[in-house]
Amino acid sequence: MHAVSYTAQWMAAARALESERDDALYTDPLARDLAAPKGFELIERYEGGGLLPFISIRTKYLDESIEEALADGSIKQVVLIAAGMDTRAFRLDWAKDTTVYEVDHGPLIEEKRRRLDALGARPRTDRREVSADLTGQWLGDLEQAGFDPTRPTLWIAEALTFFLTEEQAAGLLRLLASASAPGSRLSFDILGRALLRSPFSKSFLDKLAADGTPWIFGTDEPEEFLTANGWKITDLTEPGEPNAGEGRWPYQVQPRSRRGANRLWLIRAESVTA
Amino acid sequence: MSSAVDTTGIEKVRDWILGRHPDRTELAFDVNIIESRLVDSLSFVELVYAIEDASGAEIDFDTIDVEDFQTLNTIQRAFFA
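Read top to bottom, the protein sequences are chains A and B. In this text, residue positions in the first sequence follow the numbering used here: the first is 1, and each later residue adds one. In this text, residue positions in the second sequence follow the numbering used here: the first is 275, and each later residue adds one.
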């Protein structure tokens with residue numbers, strides 16, 4: 001499998017561990033079976049630096065982004081970009097008539113389907129798999145699966161932007177904006193730039209690079225980055241804040257003015273209509 | 275007199291590290307705080323702020339040398355000498 005697929009197994013392993021806690025932020029009963037064969041090994045390999053609580057807090061934050069965005073009924077289509085081993089279609093409560101598109105590369109989608117079928121998993125809403133090359137022109141594949149760019153969309157891009165270059169991340173945001181009807185929203189995460197440059201992150205970042213999944217893009221100015229690429233931030237949060245894992249995050253939340261702080265941005269945004 | 279002040283500075287840093295790890299009661303000056311995971315990639319910035327608070331000096335994140343942060347001894351040499 002592609003190296004990024006192992007990352008998907010790593011995320012699944014993290015969600016399995018979260019689900020088994022007494023104070024779990026969410027429960028993902030399928031995660032343990034989706035984490036094989038490498039997920040738990042990667043948990044150990046990449047151990048430390050707040051990764052596990054971050055993955056859990058991010059998952060919960062995006063769960064709540066979906067709940068919030070779908071609350072008033074205006075958004076009926078949700079696109080999970082690079083969905084990996086995400087099981088939201090199977091574990092969240094979905095408003096009636098919601099369609100969830102899971103976009104990822106073909107081999108991952110096939111392997112995920114094989115495992116979910118073996119588990120007898122049933123999606124809780126209209127779930128559509130979209131095999132696509134996310135580095136290419138994938139909107140056509142999405143539309144073939146039924147996606148309607150004239151209707152408002154919620155885009156979820158979890159654990160994706162740091163695998164991209166800045167140009168690719170900007171291009172992704174502009175591409176999503178181009179397919180977003182008025183009222184569309186986006187929720188995702190961006191790493192801070194300082195985090196990616198810190199000598200104290202180096203051994204971890206070197207391991208990711210050696211494994212073929214280097215973390216590349218980060219910014220300490222997410223507002224400017226989104227504004228420049230067709231989106232306006234409506235919520236900007238960091239782990240440890242009241243709506244993002246307060247009490248579960250083992251580090252101080254640093255004031256925005258603090259130089260050199262390691263940022264892990266959790267973002268909700270709305271598309272800017274010209 | 276000045277050496278007494280310097281000792282207080284590094285002790286503040288030691289106490290900050292111990293404060294994060296209630297299971298530990300002491301920390302020798304030659305223990306590698308990174309390899310022993312007493313400080314990790316995210317708490318590192320908090321360590322830098324703790325050193326700044328204790329030393330009164332500003333640390334430039336762009337020129338930071340990871341070797342200065344390996345043990346209390348190296349921190350003392352770099353920031354409290």
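Check the hints yourself; a few may be wrong.
As the list claims (entries may be wrong) - Computed cross-link-like contacts, SDA-like style, restricted to lysine to any residue with a CA-CA straight-line distance of at most 25 Å: (1) Lys-286/B to Lys-207/A; (2) Lys-60/A to Pro-199/A; (3) Lys-38/A to Arg-311/B; (4) Lys-202/A to Glu-309/B; (5) Lys-76/A to Thr-150/A; (6) Lys-207/A to Asp-339/B.
No lab work stands behind these hints: they were computed from the structure.
- Message: If you test the structure against every hint from before, which numbers come out violated?
- Response: 1, 2
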